[in-house]
Amino acid sequence: MTTEMKRQTLAILVDNESGVLSQISRLFSRKGYNIESLAVGATEHPETSRITIEVMADEDQIKLLANQLRKLFPVHSVKVLTPETSIRRELVLYKVRTPDSAVRNEIIGIANIFRANIIDVAIGSITLSVIGAESKTDAIEKLLREYEILELVRTGVIALERGQETIKDETVEKGEFDYGKNVL
Amino acid sequence: MKLTGAQILMECLLEQEVDTVFGYPGGTILNVYDALYRYGDKIHHVLTAHEQGAAHAADGYARSTGKVGVCFATSGPGATNLTTGIATAYMDSSPVVFISCNVARNLIGKDSFQEVDITGITMPITKCNYIVDSVEKLADTVRTAFAIAKSGRPGPVFIDILKNATGEKTEYEPLPREQHYNHGRLAAMMRRSSQDFKAPEVDIESIKTLAEMIKKAEKPLLICGGGVVRGRADKEFLEFAEKIDAPVAITLMGGGGICGRNPLATGMIGMHGTQASNMACDACDLLIAVGCRFSDRVALSPKTFAKQAKIVQIDIDRSEINKNVRTDHHIVGDAKRVLAMLNEIVEPAEHPDWKKYVFSFKTETVYDDSEDTLTPKQILSSIAKLLPQNTVVATDVGQHQMWATQHFRFDYPGQLLTSGGFGTMGFGLGAAIGAKVGNPDKTVIHITGDGSFRMNCNELATVQDYGVPIITFVFNNKTLGMVRQWQTLIYDKRYSETTLTERGPDFVALAKAYGLGGAHVTNVEELETAIKEAIACGHGYIIDCAIDIDEKVRPMVGGGSHITDFLLS
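Protein sequence lines correspond, in order, to chains A and B. End of the first sequence sits at 184 in the numbering used here; the numbers just go up one at a time, nothing left out. End of the second sequence sits at 1569 in the numbering used here; the numbers just go up one at a time, nothing left out.
Careful: at least some of the hints might be erroneous.
Below, simulated DSSO-like cross-link-like pairs (lysine-lysine); rule was C-alpha separation at most 27 Å, straight line [claimed, not checked]:
#1 K6(A) <-> K1303(B)
#2 K63(A) <-> K1310(B)
#3 K1442(B) <-> K63(A)
#4 K1442(B) <-> K71(A)
#5 K63(A) <-> K95(A)
#6 K1307(B) <-> K1377(B)
Simulated from the structure, these hints should not be mistaken for lab results.
Use the sequences and the hints to build the structure in full.
In structure tokens form, the structure reads like this:
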């Protein structure tokens, strides 16, 4: 049993109806968790939405949370996505002050190294968009903090499993609690 | 056939074989009550004094009959008055469908008269809730709500119907109940993996594992929880307990899950558990909890709770597994089905030494008798002596609740109606009304304290109007006894806002004001005369029993303490 708190990712497939998002997010506050990141959007079937939520929780807590979510009737399926078996992406927009062309050139240099897109340049500011996992967005943010970040916005992490497995293959049967000891 | 939404609602209730509804009318629900006027020969409506009373009555009806309770209320304050009743039903997994009407669609979101976002308010205290904004969605939603309320782990479902949807007309197609799962929203839900409308398939391997664990156990202990009562699994539970010859500790909600007089029963477990139950919990080598969620009143200290034992949890709700107490093995499924499967393969066993040890501790509290004053034990003994054994007992919350559940040996599921999870003072009278309406052949009594009774005694008007012969026993210690007990033991006798010695009303005069009978009693003789008079009179009767202000519930283990660290023995 591990009780180490870490950032955990939950993918939740739900009815695309009003009130469902608030029902999901309320569950987290009701059970005493703070949502670190949240991303929602319609899926390949317009009647369902997919929610990706990140919370700080240990292994046991995340399983309990998944089971609590499965109890909500608008929820179709829930999967806990681990970094090892899933790909995770987040889009971040940074607007940085550029008082002169030297600073602007430095930031363009950083953008090139991180394969960030420059999406707006104006007198006095430059806006970058970065797509990646947290390690990448954290690294570029650290560099940009050397300058003056005027504004920053994140989409929240979205995640998909690697390979053919999908959220619809989720099975709630067995193996959820890894007891790891012989009960007999 | 084109019907209005209100008529469709009535037809949908008839599809569910609903013949009794509790509620209170108002502006937005007028169309529904107008339809009810014409369906009055098929659907009996019980008008309470307050929506909270209606909510508790529908809950008490559901708990005592095993059917789904139904409760109506209007928008705004009508709907918010239900909330305590909804939360009470939710915490104790009682199947009730609450139906309120909201303002019409053109008025929604405009802070209209008596408008409130009741689905938002009730979201965390219902299994599911729905807004019906058009008449086309009504029948499907009502069918879904009933299916959800009674399936899996039962619970309350809320439907908020906009007023326009009750007046508009649409084609109504009758659908027999067994067809509901093949249509509309329910059919779509049935195709998903997350929800269990049918009880989850029980895994035979996990049953075999448990049978093996039982075979190896020398000191098994069973916990009979509320799931045995809700699932009406009493026969299977009894067979199981007798087959493996294990003592049975009973939770508050498990009262009636096994006959309390059975020689295997050790009484209640937990904060006010018996010596035998709590000591057995601390000494067993295998603890099998059936339909029990290890609340903080049972597993007071989850980390040390039965830590010497292998803990097995049998529950219909997967999310209860490992929630409060870390278990070694679990079976997700309906108690009735799981126990029946277990009974088929488990090998009979005998544990005479273990039982001898467990039953060397007391299975009931020995309270002092007194010649001069009335004691709780004397009141309960007189009730047991003079009323039928199958009497349904509805309680409020506090000391009287614990005394009643400790003293009475409940025989069958639905005999004890008590707010265990939510601890709702004022639950009892409404619940008793619902129980009597649902069980007209049974005697129903209401056990309460002066604090609890004062909260919702307005329902005496309902008792009188419908001629429901409920006997109310007020354990009148002129204090909020349970709070006082904590103040005595933990707060150095600082009786902050609990002493009610000067506070009215005179409960007998109150009974008279409502057109009911009543008597003040101060000793056993007066009490027994009053009980006989109450039985004979055939209508509501209040017996105001004067007891000492310092009577305590014993034993008591402090919150968060180890289960055998008795504050009071």
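Holds or violated: are the alpha carbons of K1442(B) and K63(A) at most 27 Å from each other? Answer violated: K1442(B) to K63(A) is near 45 Å, above 27 Å.
Does K1310(B) sit within 27 Å of K63(A), going by the straight-line distance between their CA atoms? holds (21 Å)
Does K95(A) lie within 27 Å of K63(A) when you go C-alpha to C-alpha? The hint is violated at about 38 Å.
Verify the proposed pairing of K1442(B) with K71(A), using a straight-line Cα cut of 27 Å. Measuring from Cα to Cα gives roughly 36 Å; hence the hint is violated.
Please verify whether K6(A) and K1303(B) have alpha carbons no more than 27 Å apart. holds (22 Å)
Decide if the proposed pair is consistent with the structure: K1307(B) and K1377(B), CA atoms, cutoff 27 Å inclusive. violated (34 Å)
Taken one by one, the earlier hints fail for this structure at numbers 3, 4, 5, 6, listed in ascending order.
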